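Please model the complete structure; the sequences and the hints are all you need to start from.
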Amino acid sequence: MTELFNKIFTKEVLAKIDPVVAKYETRRAPMLEVLHLLQEHYGHISLEMEEAVAEYLKVSPMDVREVVTFYTLYYTQPKAKVRFNVCRTLTCNLLGAENIVKCFEKHLGIKSGARTQDGKFEVKEVECLGACELAPMLQLNDDEYFGHLNEAKVAELIQKNK
Amino acid sequence: MEKLISKYFVEGKTFSLAEYEQDGGYQAIRKALEMKREDIIETVKKSNLRGLGGAGFPTGMKWSFIPQNTGKPVYLVINGDEGEPGTFKDKYILRHAPHLFLEGVMIASVANNVHKAYVYIRGEYVKPIQILKKAIEEATAKGYLGDKIFGKDYKLEIVVHRGAGAYICGEETGLLESLEGKKGQPRLKPPFPAVVGLFGCPTVINNVETVSYLSFILNRGPEWFAGLGSEKNGGMRLISLSGHVRNPGVYELPLGFSLRKLIYEVGGGIPDDKKLKAVVPGGLSAAILSPEEIDVGLDFDQLRNLKTMAGSGGVIVFDETTDLVKALTVTMRFYAHESCGQCSPCREGTGWIYRILKRILEGKGRLEDLNNMADICAYMGGTTICALADGAAMPLRSYPQKFRKEFEDYIQNKEKQLQTV
Ligand SMILES: Cc1cc2nc3c(=O)[nH]c(=O)nc-3n(C[C@H](O)[C@H](O)[C@H](O)COP(=O)(O)O)c2cc1C
Ligand code: FES
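These protein sequence lines are chains A and G, in that order.
Residue numbers for the first sequence follow the working numbering, so the first one is 1 and each next one is one higher.
Residue numbers for the second sequence follow the working numbering, so the first one is 163 and each next one is one higher.
Derived from the structure by calculation, the hints contain no laboratory data.
None of these values were measured; they are calculated from a predicted model.
One thing to keep in mind: the hints can contain errors.
To be verified - Calculated cross-link-like contacts (lysine-lysine; reagent style DSSO-like; alpha-carbon spacing at most 30 Å):
(1) A:Lys-7 - G:Lys-345
(2) G:Lys-436 - A:Lys-102
(3) G:Lys-175 - A:Lys-153
(4) G:Lys-520 - A:Lys-106
(5) A:Lys-16 - G:Lys-304
(6) G:Lys-289 - A:Lys-160
(7) A:Lys-111 - G:Lys-469
(8) G:Lys-437 - G:Lys-469
(9) A:Lys-79 - G:Lys-345
(10) A:Lys-11 - G:Lys-289
Stated by the list, open to error - Take a look, some chain G residues computed to stay more than 12 Å from chain A by CB distance:
(11) Glu-181
(12) Gly-233
(13) Asp-315
(14) Val-358
(15) Gly-459
(16) Glu-530
All C-beta atoms in this analysis are idealised placements derived from N, C-alpha and C, irrespective of residue type, glycine included.
Next up, the structure:
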């Protein structure tokens, strides 16, 4: 075990990850779960963590890199505290998703894809979140869904999360 | 109309194990454990249950392809990636009826001699994943999962695996790659997953909704189930209805239900009584239908006859004000974003089409663009490892085919207000 490994995979982290990994047939298979769990713990996946994961799963760092960059739910940089993922796919677009993005622009002063200067808020457009019945909708902090959005609701969401 | 799965869709409620049992739950699996494997498969064949993830493949027939004599374990993999835009039904099942789903997983496992099942759910479904994990704990504590399920000499373990945001992982072999800890790039077939699937072993892949109908079929008989639907399309399915309708939501309807009735009766019609312009009948990857084509039954065969598909059951309604050039641009942007990058016709084609459409939208279109798009489209169908490109080609072909004038007007700058995305 390298020093880097021990730094990332602390006892506390291993206590969460080992039981999950044990459920899988091969060492590599739980890669996505391991990355999810590390991200939940540390906030994002750094290059250092990728190396440690490679050591833990007995694969090359490139194998981990490929996975981290292929999927959209992994963050390679520290996250903003409040993240609005606004759906931009067809049903949401039909029902005004572009206007929702403009509301964020107006109330936060940032365009889609950007972060407020204090690093607190981020607005990003994402593809269909499987909640088209709520269109236009967004996901807050990669967790809860909010739907039937309009300007008042956007303002309220910003206010509540200030 | 009778409700099967959707009777559990009570706002704000998740049916616990005890509540599900009170309602007659976990009887069908007890029955299945007494049956011969082959008889379960025969029953499912007779029910005409079709795969409800998108392809509509007959479930019983799929199971009968699994070789049981390879000396390798057989895996069951449940597809809960629910990535097809316009589709949101599996989320309701997981949220409200996790035990109905689990009983389905158990029945499919017993039928295929599976002792380990993986459930792959898109990572964005945070709450549904928590609910399912809790339900698995409940079932394990009760002895319904584990070394001797229901006191029988049958071992079954279910592992929940979270996706991480990639549409392509809904494609069954992309999903398998992802489950093996890799990028979700689909595999060349053959060999099919039934023979060489997860970890190189025979693998059954079914959608969340598909297996959720199994307990009904075992409890009430395959003839009853088959009789609910249309020819060769058994039972009911959950339609996800969205777009310009008064009552968007999930509706459980018999296979073959009229698309017109879905929009105007079940869905309450179009807001402000606007006229219908077009409708997507089976998820974003289905060809659109014009208003003259909506007197069709929603099943796999009738929609195929109209050169579109029933797909995932995601119906998106467009009212008369919809800008179809923009709708197609948004659609193609999705495929350009989600192409896994493995095959050139898809990787290059989807991006190219998106750039052309964006240009048209911005008022810089040329008339030859339409022919160019048709040409690129022709190279995208049937030339790639998986069906993502075919899925992109379906809308791409149908919009300009059915509404060519609208595209021409745009190009000739007759549209006054030009747009961008
Ligand atoms: C690009 C693409 C995306 C797909 N996405 C999904 C999906 O999100 N969920 C799903 O169940 N099936 C999806 N499918 C279909 C699966 O490949 C597969 O047919 C299905 O999971 C089999 O289960 P079933 O027979 O019960 O429908 C997708 C297919 C393609 C080509
Ligand atoms: S299109 Fe926005 S959630 Fe499906």
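Q) In ascending order, which of the hints set out earlier in this document are inconsistent with the structure? A) 7
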